[in-house]
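Enquirer: What follows is each chain in one-letter form.
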Amino acid sequence: MDTTTSSKDTTPDPGAMRTVGKPPRFAEDVVLQVKRLSKRFDDALAVDTVNLEVKRGEIFALLGGSGSGKSTLLRMLAGFETPSEGRILLGGEDITQTPPHKRSINMMFQSYALFPHMNVAQNIAFGLKQDKLSKADIDERVTQMLKLVHMERFAKRKPHQLSGGQRQRVALARSLAKRPRLLLLDEPMGALDKKLRTEMQLEVVEIIEQVGVTCIMVTHDQEEAMTMADRVAIMADGWIEQVGSPVDIYESPASRMVAEFVGTVNLFEGEIVADAADHCTIETPALSRPIYIDHGITTQAVDRRVWAALRPEKIWLSREKPEGAYNWEAGKVDDIAYLGGYSLYYVRTASGQIIKASMANVERRGDRPTWEDSVYVYWEDHSAIVLNR
Amino acid sequence: MRFKPRVPSFTTLMLIVGLLFLYLPMAVLVVYSFNSSRLVTVWAGFSTQWYGALFEDRQILEAVWTSLKIAFFAASMAVCLGTVAAFVMTRFGRFRGKTALSSMVTAPLVMPEVITGLSLLLLFVQMAQLTGWPADRGMATIWIAHTTFCSAYVAVVVAARLREMDRSIEEAAMDLGSPPLKTFFSITLPVISPALVAGWLLAFTLSLDDLVIASFVSGPGANTLPMVVFSSVRLGVSPKINALATLIILIVAIATLLAWFIMRRSEKRRLMLNRQTLGGE
Amino acid sequence: MKSFEFAARLKRLKLGRRAVIALPLLWLTLFFLLPFALVLKISLAESVVAIPPFGPLIEYSDQVLHVFLNLGNYLFLMSDSLYAAAYWGSIKTAFISTVACLLLGYPMAYAMARAPLRWQLVLVLLVMLPSWTSFLIRVYAWMGILSNSGLINNLLLGLGVIESPLRMMNTRFAVVLGIVYAYLPFMVLPLYAHLTRLDNALLEAAADLGSRRFNTFIKVTLPLSMGGIIAGSMLVFIPAVGEFVIPELLGGPDTLMIGKVLWEEFFLNRDWPIASALAMVMLLLLLVPIVWFHRYQSRELEK
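Chains as they are written, first to last, in numbering that gives the first Met the number 0: chain A, 0 to 388; chain B, 0 to 280; chain C, 0 to 302.
FYI, nobody ran anything at the bench for these hints, they're computed from the structure. One or more hints might be untrue.
To be verified - Only pairs whose alpha carbons sit at most 35 Å apart, straight line, appear in this in silico DSBU-like list of lysine-lysine: (1) C/Lys10 x B/Lys181; (2) A/Lys34 x A/Lys131; (3) C/Lys218 x C/Lys91; (4) A/Lys157 x B/Lys97; (5) C/Lys10 x B/Lys68; (6) C/Lys10 x A/Lys128.
Claimed, not checked - Per label pair, the in silico range of CB-to-CB distance: (7) C/Ala36 x B/Ser185: 39 to 45 Å; (8) C/Leu286 x A/Asp42: 57 to 63 Å; (9) A/Pro284 x C/Leu116: 49 to 55 Å; (10) B/Ser75 x C/Ser78: 43 to 49 Å; (11) C/Ser78 x B/Phe45: 55 to 61 Å; (12) B/Leu188 x A/Asp333: 50 to 56 Å; (13) B/Ala252 x C/Gly251: 31 to 37 Å; (14) B/Ser265 x C/Leu286: 51 to 57 Å.
Stated by the list, open to error - Stretches of chain A that chain C covers, calculated by requiring three or more beta carbons in the stretch to come under 8 Å of a beta carbon on chain C: (15) 122–134; (16) 152–160; (17) 333–340.
Beta carbons: idealized from backbone N, C-alpha and C, even for Gly.
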């Protein structure tokens, strides 16, 4: 999503608008700091001592299931919930106790929350009017915003006369109109159908990058987080499990929870039987041969019990028996899920363990293993990840 | 916004003031019904003598009985008529006379009673001239008058419930071979039955409470409770009426408490069911 | 054969449908709509001393069809300033009462809609409960409170705040107070229904965009609850214009209201044609508010 049109719609204010696309995506200064933030509802701890730093110009995603505390965290940033403990700093300034209408943070609501009695232009102008800008300034900014989201033609429409995608654009324009230092997106694609979702994901990112605003989004859809965000935080039970780039999260998950939440994974519980500087070996009752990994485990786990994680696309499937004493297993095809671009094979081993392996459908109707075929699965020495929690 | 105010907000204060405004005068009525003095405004000691006097007043007791009879039959008829009207308005799509019907359902809600009362009386008089019926105005004419304006209220209550109701269950019944009429009785009616009960109770209290319309269409034979009360209070306060008021307030309060209890229980049961089936979400 | 059977069934179905529509339509036409035509008819008749006390409109005698349209009743209404004063008094009183109801009822409904969910049902029942007791008796309660030897005057005299009793009974103040008291629930409930439907996210969005609470109220809450304001106001204003019981019990000679005048013309003077003409003019005055209310109500029903 390179922004070739980036400078076209920018404003005279160079501070708020970034005219260059990537790289570098953002300067290395921190816009938002969240320090030991907690929120307690009655007896339940919705958000539990969260620490977070978001850099200027970054798109940051909070990814988690329902009840993970991600929405509560977002609502505390917007000022709709008061934290039980901890502090929120925006540009170094403590805003923990600042009411929502005085924060330079704007939010795009999941339901969009467009005012039904105002037309598109009035909705966008609403925030600007609160700043007591002159009418000419407001008109100019509204026009600019309408242009930014390609809604000039619909300025006089009421929200109920718009399609889902159009409503979302208005909501985005409304939350960007005040040039906030931080933009919050609450389940930005939640109200759209699947096809429109993919389109709007790219369009929203393009608009955000064009404006250059720092952005935090909340979503339960991992694909959405991966597509849109520069960095992702995985939340569960009010905790942040891991923060990292989409690649980090997927390829180097910090825990079983993250590995299972993002994508599909095979997990083998086992024991480290050899750990040297350049390799380690894990034995697991689920497999008849050990798992060999081409690097040592540097973190000192007193407990030798670990989990080896293997992504299905890193497991090869073959009818020929592999060589060597480790990193392969024999089995029968138990089930096949044909997913278009690739197929997911469920292979049952002699011990009854199911191993998921994916196979790209490169050829049309090529010769592929089918139900009840005897097959072998094998993987590279660098494919498995060792997790100790 | 969940700003938790430490001092009660202006609106909360107004709510408290409003509720006090609604209940203080009724509390005064109740307190003075136990006053031993005939002067309602001077406290002269506790007494229940006015309750005794109330139960000896044959005129009032007869009026209560008349009113209850009329209210029962008017509410029952109004529920039938109002339900049909609501069903026609919400389920029949477009038909000739729909605008007329919906106008005639909403207009009685606001129509000044003196107009309704006068117009119905003129109708009954002309009917008697033309057909010989009703020769005497009385309970029957009051019943018709009350049924008419109560059915409008019932229609509004029931229509609201019908509109909320998931139409697919009716469609499912018809899809499974149930004819329209049978579907109405076996599916629609049971589902909207709480609204029917609410509509009946509303119609019952409206009929019991009506003074103006009944005064117009009543004849010499039938005196409803409001008519008797009115003729006694227009000349000034009377402790017997205070005792009557206390009893009415007591009955309504108990009925409301009962209704609240039932509603809360069914709400709780619904919540529990939800929790069981959805696993706590 | 089959298709014939089907056609017969369809025909039966259509007949049934028509019968179902006809039932409420006929009842309401006969007992609600037709009577208004009769009021119009009688308002054009002449008052006579007879039973019933009005003359015929159409007479056939000597092969001549006589149609009498007596406009005298309407002319009489215009000639006597008493009636104009009564109409004006009614509208003024109803208007003041409606505004007072709105000023008290709106904050109440707002607080109810913002109250914790488990409290809301209780609050609704608390507001409704008085209207389920007797209207007459609730108006009567104020007689004991407002009269010269009533509760308030006794209290103030006892405290030494005043030396002679304040005259509150039989004033416009008493009538307005009575109307506000009796009709307050009808104002609060539609407002409450609208305010609970208001999406909290809209208020949050306004705050998020920098709007203060008062500004949010004026710009978002108030316009979005306009439907409730109209419904509530009409539910108070229209019946209040024709109110009889309250001016009869709490009002006095200088609080003329048209409902009371109509009642007296009918029951005391037994002048049915004048009473009918009074009703027709009242209906004409209320036509616009009634149509407004109906429009709003049917829009509400279509939602």
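Enquirer: Determine whether the Cβ-Cβ distance between B/Ser265 and C/Leu286 falls within the hinted range of 51 to 57 Å.
Expert: violated, 43 Å
Enquirer: With respect to the beta-carbon atoms only, verify the hint that B/Ser75 and C/Ser78 lie 43 to 49 Å apart.
Expert: Hint holds: Cβ distance 48 Å, inside 43 to 49 Å.
Enquirer: With 55 to 61 Å as the target window, see if C/Ser78 and B/Phe45 comply at their CB atoms.
Expert: holds, 57 Å
Enquirer: For the range 31 to 37 Å, tell me whether the beta carbons of B/Ala252 and C/Gly251 fit it or not.
Expert: Since B/Ala252 and C/Gly251 have Cβ atoms about 33 Å apart, the given range 31 to 37 Å holds.
Enquirer: Quick one, are A/Lys34 and A/Lys131 close enough, alpha carbons at most 35 Å?
Expert: holds, 33 Å
Enquirer: Tell me if chain C covers the segment 152–160 of chain A under the three-residue, 8 Å CB rule, please?
Expert: Violated: only 0 residues of the segment 152–160 of chain A have a Cβ under 8 Å from chain C.
Enquirer: Is A/Lys157 within 35 Å of B/Lys97, Cα to Cα?
Expert: OK: A/Lys157 and B/Lys97 at ~30 Å, within 35 Å.
Enquirer: Mind checking the alpha carbons of C/Lys10 and B/Lys181 for me, to see if they're no more than 35 Å apart?
Expert: holds, 17 Å
Enquirer: Checking C-beta pairs, does the segment 333–340 of chain A have three or more residues closer than 8 Å to chain C?
Expert: violated (count 0)
Enquirer: Does C/Lys10 pair with B/Lys68 here, judged by a C-alpha cut-off of 35 Å?
Expert: violated, 41 Å
Enquirer: Mind checking the alpha carbons of C/Lys218 and C/Lys91 for me, to see if they're no more than 35 Å apart?
Expert: Since the Cα atoms of C/Lys218 and C/Lys91 sit roughly 30 Å apart, the hinted pair holds (cutoff 35 Å).
Enquirer: If you draw a straight line from the CA of C/Lys10 to the CA of A/Lys128, is it 35 Å or shorter?
Expert: Violated, because 63 Å separates the two Cα atoms, which is more than 35 Å.
Of the numbered hints listed earlier, those contradicted by the structure are 5, 6, 14, 16, 17.
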